[in-house]
Amino acid sequence: MSGVTIVKVKEIDDGMRLNRWFLKYYPGLGIGRLQKLLRTKQIKVDGKRAETGTRLQTGQEVRVPPLDNEADVSVEHSGVSARDAAYIQSLVIYKDADILAINKPSGLAVQGGTNTSRHVDGMLEALTFEAEEKPKLVHRIDKDTSGILVLARNRKSADKLTKAFREHTLQKTYLALSSGCPKQMRGEIKAPLEKAGEKSVVSSSGKPAVTTYDVLDNVGNKFALIAASPLTGRTHQIRAHLESIGCPIIGDDKYFGAERKKFSNITDKLHLHAYKIDLSAIYNKKVLIQAPLPEYFKNSLISIGISFKE
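Reading the sequence shown from the start, the letters are residues 1 to 310 in my numbering.
Simulated from the structure, these hints should not be mistaken for laboratory data. Treat each hint with caution, since some may be false.
[Claimed, not checked] Mimicking DSS-like on lysine-lysine, the simulated pairs with C-alpha atoms at most 25 Å apart in a straight line are:
#1 261 - 183
#2 195 - 143
#3 41 - 8
#4 10 - 41
#5 8 - 36
#6 269 - 199
#7 136 - 24
[Claimed, not checked] Pairwise CB distance ranges (calculated):
#8 219 - 155: 45 to 51 Å
#9 41 - 278: 44 to 50 Å
#10 198 - 96: 34 to 40 Å
#11 212 - 66: 57 to 63 Å
#12 286 - 87: 26 to 32 Å
#13 186 - 307: 17 to 23 Å
#14 265 - 132: 46 to 52 Å
#15 162 - 52: 31 to 37 Å
#16 295 - 221: 23 to 29 Å
#17 306 - 32: 55 to 61 Å
#18 162 - 4: 43 to 49 Å
#19 41 - 10: 22 to 28 Å
#20 121 - 253: 21 to 27 Å
#21 212 - 253: 24 to 30 Å
None of the values given here were measured: they were computed from a predicted structure. Each residue gets a CB set at the ideal place from its N, CA and C atoms; glycine is no exception.
With the sequences and hints as input, model every part of the structure.
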């Protein structure tokens, strides 16, 4: 039949119900129309009759009949454009029944604010998949920091994660490229921090803050690739702590002394990446999520001769 298309199910949609799949990719198609197309066998999965509740598997082929422009209707009810929906879904690096994780790029804010209209929070509806509700934010990372952002897919999971992030019981590892190298290759930075405008500064009157770190590789005293784990959760903690030991993060506008340096062979972006998080302790199963470094970060390491294998 003219206009019929065969669409392969993507890995990210594995396990999704057929009605949810159509809602995601053909948001203008009403449930009544979908049921009629299924009844009359115009929609099939792998050549076989399907129902609204059919669970899709990666690689299966969905037969989609002509839909008279219904496929072109944007997701007005959720406020997420088809373009943004495809974009935020492309960032997903982990999904199970309880949680989702995305590899957030540098420059994308987690929530809206002054002069910030495009953000993760505004695109969560597109990450519903087969669940009954959109995922929930349970923690934040800075706009210019890249890496893992964990989302809860149900209320029970949201409560668990919110508590764990609030009490700092989760093992988190960040990767930072610093200007300068710590004098000790491994150590602990104990320096209380307090807010001062848009920054956090080391102050005896500040709140306790502890960061452990390991130097993974370095170029003499010029540069270092550092794995840092915050044991407390102060604003900009890793950024402020590394600056306090004379090793500010490359590309950091706020924490680089009086004048931020720029390097001709290094991309001018913040080189701080939320690399790894271990959720095993709260889910009683192995849940270790890792987010690949962004290309600009990898290229910067290569350009200065620092080796790192993910």
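Holds or violated: 31 to 37 Å for the Cβ distance of residue 162 and residue 52?
This hint holds: roughly 33 Å between Cβ atoms.
Given pair status - residue 183, residue 261, alpha carbons within 25 Å:
Cα-Cα ~20 Å, so holds.
Measure nothing beyond the straight line between the CA atoms of residue 136 and residue 24; if it is 25 Å or shorter, mark the hint as holding.
With a Cα-Cα distance of about 18 Å, the restraint between residue 136 and residue 24 holds, given a limit of 25 Å.
Does residue 10 pair with residue 41 here, judged by a C-alpha cut-off of 25 Å?
Answer holds: residue 10 to residue 41 is near 22 Å, not above 25 Å.
Kindly confirm whether 43 to 49 Å is satisfied by the beta carbon distance between residue 162 and residue 4.
holds (47 Å)
Distance restraint evaluation - residue 212, residue 66, Cβ atoms, bounds 57 to 63 Å
holds (59 Å)
Distance restraint evaluation - residue 121, residue 253, Cβ atoms, bounds 21 to 27 Å:
Once the Cβ atoms are compared, 23 Å apart, the range 21 to 27 Å for residue 253 and residue 121 holds.
If you check the beta carbons of residue 186 and residue 307, does the distance land in 17 to 23 Å?
18 Å Cβ-Cβ, so the 17 to 23 Å window holds.
Assessment of proposed distance window 34 to 40 Å (beta carbons of residue 198, residue 96)
The hint (34 to 40 Å, Cβ to Cβ) holds, given that residue 198 and residue 96 are roughly 36 Å apart.
Does residue 36 lie within 25 Å of residue 8 when you go C-alpha to C-alpha?
With a Cα-Cα distance of about 22 Å, the restraint between residue 8 and residue 36 holds, given a limit of 25 Å.
Quick one, are residue 41 and residue 8 close enough, alpha carbons at most 25 Å?
holds (18 Å)
Beta-carbon spacing of residue 41 to residue 278 - inside the hinted bounds 44 to 50 Å or not:
holds (48 Å)
When held up to the earlier numbered hints, the structure conflicts with none and fits them all.
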